[in-house]
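Chemist: Residues per chain, in single letters:
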Amino acid sequence: MPDLLAHALLAYAAARLASLRWPWLTRPYVTAAMAGAFVPDVMKVRLLVRSHRIEALLGVPFDWAGLQTGGAAVLFVLVGAMVVAPRVRRRATLALALGAGTHLLADALLWFPSGRGHPVLWPLTRWNPPTPGLWLSTQPYWTVLAVGLAAAAYWAWRRRVVAA
Amino acid sequence: MAYLRTGVQRAAVLRSLPARAAVVVVLLVGLLALGVWFGSLAPVPAAGAYLTQADLGTDYDGYVGERAVVAGTVVATDPLVLVASDGDGDPVRYRLVGVDRPYGVDRPVAQGDDLWVFASVEPDHTLRVERSVVLTPAGQGYARAISLLAGVWVLARVVRDWRVDGDAAGLVPRSEQGGDGDA
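Quick mapping for you: the protein sequence lines, in order, are chains E and D.
Counting with the working numbering, you get residues 1 to 164 for the letters of the first sequence.
Counting with the working numbering, you get residues 1001 to 1183 for the letters of the second sequence.
Source of the hints: derived by calculation from the structure; they are not laboratory data.
These numbers come from a predicted model, not from an experiment.
Even glycine gets a Cβ: it sits at the ideal position worked out from N, Cα and C.
No false leads were slipped in.
Some chain E residues judged to face chain D by a derived CB distance under 8 Å, without partners named: (1) A65; (2) G71; (3) L136.
Computed footprint of chain D on chain E, listed as stretches where at least three residues anywhere in the stretch have a Cβ under 8 Å from a Cβ of chain D: (4) 82-91; (5) 106-115; (6) 124-135.
Taking the hints into account, I'd like the entire structure generated from these sequences.
Modeler: Have a look at this one:
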């Protein structure tokens, strides 16, 4: 459902702005943050294999929605931490986590018919936070806004780099 | 932050490929476990975890009076009928009342629309809709296409910025100089 381009752009903006404070966030780590932004939507693969098919296969309950939570994001980021070389593990983990975090935060602004968003803190809590309902992923305006934020972050960083 | 640093440093003992592969397997099993656990959860309306169409499929009459979130396709407009899948993927027909002004379009709901509703459960598979949104084919197509574009773009960036290092056994940045030159 969400628009992954907007998520990738927001992660880019967050990472580029963070790099002003933490210079180790060079281009590869900005890219890692953008990759992290895809993590909470891995459950979109449910469009290919529905939850009930997995339930039928395994004989136990299963819901892809469980992967759109903070708990699942933590596990995915740790998978990423294991995939990179150990010497870059700390930075890669932080960058991936930044990307996944911006995605979860952006989702907490989405419009839902119930007015309540995904349980982003699960399994710590079942709480589905109330959302301000700012955007729907099928509306292009928000992607345009994300492009603007990414561009602004790029220019802010560029000015600092040129000035240095 | 100090905990995070020492924790990840302690985890730096996980240097060997077999150890890391084992951890990945454990993590993937953990993710599967989260999916199974989430699938077994009962609704908690007070926390905003409302009934879903899968719940309605198991015991509709027991849930009359509660509120549910349902997504499906409109198959008729007068009366408004929605077809949504239950927990087993089988279609269930619901009569919708109270869909006045759905979010997302400037027109009434039409046959073929994908509709996502928040409604009160009434007898005879009738849902009294409080809020609804029409997800148009154009809107959904846009979201999918642009998400695919994003996937290709980020994958290209990953390939450009990272490489597999045989000695270090894992992905490393291609360039670790501070002046990374561009975006």
